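Using the sequences plus the hints, can you model the full thing?
4 protein chains.
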Amino acid sequence: MIIIMKPGASEEAVQKVSDLIRSRGLQAHLSKGAEVTIVGVVGDKTRLQGSNIEISEGVDKIVNVTESYKLVNKKFHPEDSVITAGTASIGPGTLTVMAGPCAIESHDQLLQCAYAVKKAGATFLRGGAYKPRTSPYSFQGLEEEGLKYMKEAREATGLNVICEVTSLRALETAVKYVDMIQIGARNMQNFELLKEAGRSGVPVMLKRGLAATIDEWLNAAEYIISEGNPNIVLCERGIRTYETATRNTLDISAVPVIRAKSHLPLIVDPSHATGVRAYIEPLSKAAIAAGADGLMIEVHPCPACALSDGPQSLTFEQFDDLMAHIRPYAELAGRS
Amino acid sequence: MIIIMKPGASEEAVQKVSDLIRSRGLQAHLSKGAEVTIVGVVGDKTRLQGSNIEISEGVDKIVNVTESYKLVNKKFHPEDSVITAGTASIGPGTLTVMAGPCAIESHDQLLQCAYAVKKAGATFLRGGAYKPRTSPYSFQGLEEEGLKYMKEAREATGLNVICEVTSLRALETAVKYVDMIQIGARNMQNFELLKEAGRSGVPVMLKRGLAATIDEWLNAAEYIISEGNPNIVLCERGIRTYETATRNTLDISAVPVIRAKSHLPLIVDPSHATGVRAYIEPLSKAAIAAGADGLMIEVHPCPACALSDGPQSLTFEQFDDLMAHIRPYAELAGRS
Amino acid sequence: MIIIMKPGASEEAVQKVSDLIRSRGLQAHLSKGAEVTIVGVVGDKTRLQGSNIEISEGVDKIVNVTESYKLVNKKFHPEDSVITAGTASIGPGTLTVMAGPCAIESHDQLLQCAYAVKKAGATFLRGGAYKPRTSPYSFQGLEEEGLKYMKEAREATGLNVICEVTSLRALETAVKYVDMIQIGARNMQNFELLKEAGRSGVPVMLKRGLAATIDEWLNAAEYIISEGNPNIVLCERGIRTYETATRNTLDISAVPVIRAKSHLPLIVDPSHATGVRAYIEPLSKAAIAAGADGLMIEVHPCPACALSDGPQSLTFEQFDDLMAHIRPYAELAGRS
Amino acid sequence: MIIIMKPGASEEAVQKVSDLIRSRGLQAHLSKGAEVTIVGVVGDKTRLQGSNIEISEGVDKIVNVTESYKLVNKKFHPEDSVITAGTASIGPGTLTVMAGPCAIESHDQLLQCAYAVKKAGATFLRGGAYKPRTSPYSFQGLEEEGLKYMKEAREATGLNVICEVTSLRALETAVKYVDMIQIGARNMQNFELLKEAGRSGVPVMLKRGLAATIDEWLNAAEYIISEGNPNIVLCERGIRTYETATRNTLDISAVPVIRAKSHLPLIVDPSHATGVRAYIEPLSKAAIAAGADGLMIEVHPCPACALSDGPQSLTFEQFDDLMAHIRPYAELAGRS
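Protein chains in written order, with numbering that gives the first Met the number 0: chain A, 0 to 335; chain B, 0 to 335; chain C, 0 to 335; chain D, 0 to 335.
Each statement offered as a hint is correct.
Same chains, same names: a pair is fine if it fits in one copy or spans any two.
Think about it this way: if two alpha-carbon atoms lie no more than 27 Å apart in a straight line, the pair counts; the simulated DSSO-like pairs of lysine-lysine are:
#1 Lys74 to Lys260
#2 Lys147 to Lys118
#3 Lys147 to Lys194
#4 Lys175 to Lys150
#5 Lys5 to Lys73
#6 Lys74 to Lys5
#7 Lys260 to Lys73
#8 Lys15 to Lys73
#9 Lys31 to Lys69
#10 Lys175 to Lys194
#11 Lys5 to Lys60
#12 Lys260 to Lys15
#13 Lys31 to Lys15
#14 Lys175 to Lys118
#15 Lys73 to Lys31
#16 Lys31 to Lys5
#17 Lys150 to Lys117
#18 Lys69 to Lys194
#19 Lys260 to Lys60
#20 Lys5 to Lys69
#21 Lys74 to Lys60
#22 Lys60 to Lys31
#23 Lys260 to Lys31
#24 Lys260 to Lys69
#25 Lys31 to Lys74
#26 Lys74 to Lys15
#27 Lys5 to Lys260
In case anyone wonders, no lab produced these hints; they're calculated from the structure.
As the structure is a computational prediction, the values presented were derived from the model and not from experiment.
Below, the structure is given as structure tokens:
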């Protein structure tokens, strides 16, 4: 941590800042420049929590030198992690494809999806039982009933299953039925949910918040891992920008950035990122080429009848084609 | 709702869309232009839910003509609402000032704040008992103990008290102690919490999400009101943009926009919007001048010792000054 | 400037960085922390231009401690500037109102506007002779003919006149006719134009770019002042964000931020910021309350007939009302 | 174009709007709904320019049904264009790689680059002779001298050459020396420059503005093509968002979106998009996989000595590696 003093800050002010730092058992290094004086803090900066140095007299600003996330940080864990969920390994060398309907609507709809995506080569069945919807007048999900269908689909097909949880109560129920839980974009900073997911030990897919920076995202993952659960997969699903040609803006750079900053696996969700069926295939290829460990894709037996996100869902036939077209990109990237 | 067909869409495709609309008991009006055909839908568009018309053959896009929020919509409730919480009325003609520490840290800290803000003219004491923090290694709040101090502060000073709730469990506990609950920016789309807040009937202050559009914000309020709770106050607290000179960008235009679109009262939080003490006074004046019904301000007996958000907290003296300086602006705006 | 080394950077790498700094006649101060080493650079950092220290071996990142703009920086010029343009003084204690049509459409339209805004109390007539338009099929401006009408309007009414310039050629022509030139949002980083405006010595109003940070904006002003022209007024006109309820998002915080970082006067343009007539009055009041030195407002004798930006233009009557309603706010802010 | 009336708009207001539409030789189709009336406009909407219907009494909002760009629109030119510049064809089936230094610094630097990128397989040499720089105190370019070196490099290597122009004067000069001119992000809406580029007939690479929507970008291209110059290549180079881990956010979705909306070729510039060397290779692969027609890459003989953008420039060796690693992706995408 570095403290930059204002031009003309008094000797006394600099002394007071240095004293504060030393009073917490840390060292303070001064650099007096022509315009400004800089104070470098050496030692464990968490000891300065609550010191509010930024409002000490004469202080201009504080610059953090090290990241606040530790356990998910690649600097302290240079090897890329491989996460196990159900029968699947997620990480380097593999391409994980999670596919299924946005919302679980009925037993038949889900089972049809399961057989179809299994046949096309997916390794996970996805499906929403608890649906966070912008308007209260939209379909809100089948809840536990949906989870039972998920379990049945797993037994029928051998697919691993993943489901979003939107509350502590949903989490408690879901862990009885699924191989992996998803914490969605809207809950990325629902810290109670993150902590409980951490305590549960169940593999978690953590989606990036709609307006979350990569640093905030990694701090959210730190909430989970700091409760003792290292089984985390990140999922980039588009961020909010001024551009309206797509529902969100897929931040493809997040793939190499996460690769550089964290050891956690990362998958990409082009369905939610764009909201447009025709853009899913080119962006799936792009995600694999950029180094993603997998994809999450919405599939529906009849997109035109879907209760949620129909327009971005692929038909079974379109999903078959997608899987066939991305395979050579996965091979090129050394994934199978 | 309007359906815009692609150039060259076949007669058959147009017919199919019209049939779909009529099959749901609605009327379809065709306008055939030189380039494109447009289909207007007349009737209650919720009947088209799940029809996914946008992926019918030949459809280019859908344009919504009416808003999806109804009960908070000014079109159907033209008179501005006045909300009662504790002993306070919030709305036209009044200026509500909610002030207090970001986090409740101790009995003494909270009581000191209560006496100080009361003396300066605030009508609500704010204070966080459940703190959503970006890093898991930061102070997380006193929880129920903090709520007890809030209640005590109310009894001692006659101030109304407001506290953020971050989960169903926190909501259940908080309603026993406070006059108004706050749903924070990170939970604006925590729909279970919104619905439960709606069922509780307790007055709610709903902060705008960090990346929420005004439409999404009003839809979130619709979740609360549609459960039978009309006691909602909106709070603008800054949105995320590319500008980094302030922590967030205060969207001052939200004040007249909300005034035009909804009958709910709106207050402004310049403390969280900027994160910088020196900007709070000019932006407080601006908020009042733009037509806000009140302010939410962070105050701390010793900002340099605060466990949370110290740098944006005002001292008691600074808060006294602020209140004195904004008073003439409130009078000019016809508020007292 | 501070150089932050990667964890585990070798002694040699640190030495190499220090040597590079010293080779340019600067001092290097080392702080060795538990995790990382920091190198503080003391002296004039422009000597490091082209050194690309950030890609030296072992370097993690560079943190700039001082701003790259100097002459517009309040740190080196603490007193707020007052700019003279025509007969007007712009700065502390005054409220400058620039009003007129978006585009000059005809002799009569402009003269009518001039008389109307003069009568209502404006001090400047604005009007576009060169129109930057998103589509090539829209009205593009009267060019020099329009400037002649501006000059005539000035003579007829005594108003000062301001006109946007969009190229070197337009600049050359405009300086013959107007008291102040405007560099618009789209040209904020048209550096040739900025430099030429600097050399011209003519007072310049510099609008903030649609996606410009406050730092970039002040650097753009530095281009003008570094050519010897200190007669610069800044104009906040909204930035691009994800919110679509207004055309742009008025960054009201820019008012106190600019006040803190620069000595240049600042005016606010609520017409372009929102694009909606009904929001202009509340935002005008907010701008004054936040500390702006003036306003720029679009006015048209017949908004419904305007060739450009009609929907955001006020009628003469509406402008009269606006001037009457903002006056008490200006008085409260100590401006006349 | 569709006009949506306010709820409760009078019959008279609707009549007035219809009359206005018909007075311009267009047809008006009414749809009266339960809540609102909609007026569809049939015919060439440019006839309504300057009618400002949006502020007619009773009008709520206007919805445009067709795009304002025509000549670059895929709807009216469904086949993808192939652009010829120098000896190169840019478009389907080819992968164009433009490489070279950010700024031309000297004869030797440029010639070294030319030989190196030619050897590695690039088809264009890029190099800036006119540099738009945020700070006036940074290196500003060699101007015409630099262009002469470009011409010499072309003759020496057979590479095609491309150079950015930042003003009408620069454009006039550049066309004498280069095969293709670049209009940079900061000038995407410098409409005089666009029109002059259109009149010149020279092939143009048009970069997307930092905060430009895809629609605005296509409208900017329409300025060039509407002056008779169809030789346009678009270049995605990142947009401004709140994320700071990369310099800008590469909008990879722009690739399929442009493919769907326009027939113009599109290349991607990962160097400017990220500002970080390590992210260039993964994003180059992603761009090709998404369907881009080419790449623009910064290369420098000694990035550590570069006067501009050193940290994002590749060494010759790194560029060799990049070219080798992207080749199989190009082949997979059917490009050579």
